[in-house]
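Peer 1: In this text, residue positions in the sequence shown follow numbering that gives the first Met the number 0: the first is 0, and each later residue adds one.
In case anyone wonders, no lab produced these hints; they're calculated from the structure. Fair warning: this is a prediction, and the values are worked out from it, not measured in the lab. Among the hints, erroneous ones may be present.
Said to hold, decoys possible - The calculated DSBU-like cross-link candidates involving lysine-lysine, where the alpha carbons are at most 30 Å apart (straight line), are:
1. Lys183 <-> Lys214
2. Lys42 <-> Lys177
3. Lys168 <-> Lys214
4. Lys183 <-> Lys168
5. Lys183 <-> Lys42
6. Lys177 <-> Lys214
7. Lys214 <-> Lys42
8. Lys42 <-> Lys168
As the list claims (entries may be wrong) - If you anchor each label on the Cβ, the simulated ranges turn out as follows:
9. Thr164 <-> Glu211: 24 to 32 Å
10. Phe127 <-> Glu211: 19 to 27 Å
11. Leu117 <-> Asp153: 34 to 42 Å
12. Asp97 <-> Phe127: 34 to 42 Å
13. Pro74 <-> Glu96: 17 to 25 Å
14. Ser47 <-> Pro14: 29 to 37 Å
15. Ser49 <-> Ala3: 42 to 50 Å
16. Ile15 <-> Glu96: 14 to 22 Å
We put the CB at the ideal spot given by N, CA and C, even for glycine.
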Amino acid sequence: MRSATREELLALGTPIVYPPHRALLQQGDDSRHVLLITSGVVKVVASSESGYEMLLAVRIAGDLVGEMAAFEERPRSGTVIACSDVTARVIQMRALEDFLARRPDAMRAILHMLCARLRWANRRRVDFQAYDSLTRLARVLAELCQAYARPAPDSDGRRCDLGVTLTQKELASLAGLKLPTAEKSLAVLTANGLVERSYRSITICDVPRLLEFAKVLADNPY
0 MRSATREELL ALGTPIVYPP HRALLQQGDD SRHVLLITSG VVKVVASSES GYEMLLAVRI
60 AGDLVGEMAA FEERPRSGTV IACSDVTARV IQMRALEDFL ARRPDAMRAI LHMLCARLRW
120 ANRRRVDFQA YDSLTRLARV LAELCQAYAR PAPDSDGRRC DLGVTLTQKE LASLAGLKLP
180 TAEKSLAVLT ANGLVERSYR SITICDVPRL LEFAKVLADN PY
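Just need the whole structure built from these sequences, with the hints factored in.
Peer 2: Here you go:
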């Protein structure tokens, strides 16, 4: 996206601030705006009629959320929750459509974003059949690392903080695992020196080794 296009996008809509744990968008709501995250981290969760809650995705600054319901004119398919202090711009659908009509490079960027998210979802479906639970969890961690991790100082990029605060239950849902299975798999990855764990925090100890273990290519489009 061109710099002039990016500046125009950042000027759209109304700025808003959300504290941690606040819902930015609510599943089932009929609103038609989108949110451009400008700082902070959010998670997208969906709840079934039985009450089961699943983490669908993590989004950070620069990401657009709420676009599916806005484009399709259907109720929200998930709830977006602030994981930290979050700033965003509330953009009404008409304003976004006018902007995209003026800026084809922005339309291409959004199409790229949507394709990357579909690719992520498709990979999870393939992983469910193609890999055991340990590899599935490793693949989720590896791809989150590629998308969001921050390299540790003086580590030559080999050691990274995952950069996203997630519970083990949320990691389990991303990998499509039961919580006890995810806990055992995470323990194995820790014992093998691939990750370190603390409260809601995961450090990747050796990124190249984790990518190799997880059979993940170095170019992650997500």
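Peer 1: For a quick check of understanding: which of the numbered hints are violated here, in increasing order?
Peer 2: Violated hints: none at all, because every hint is consistent with the structure.
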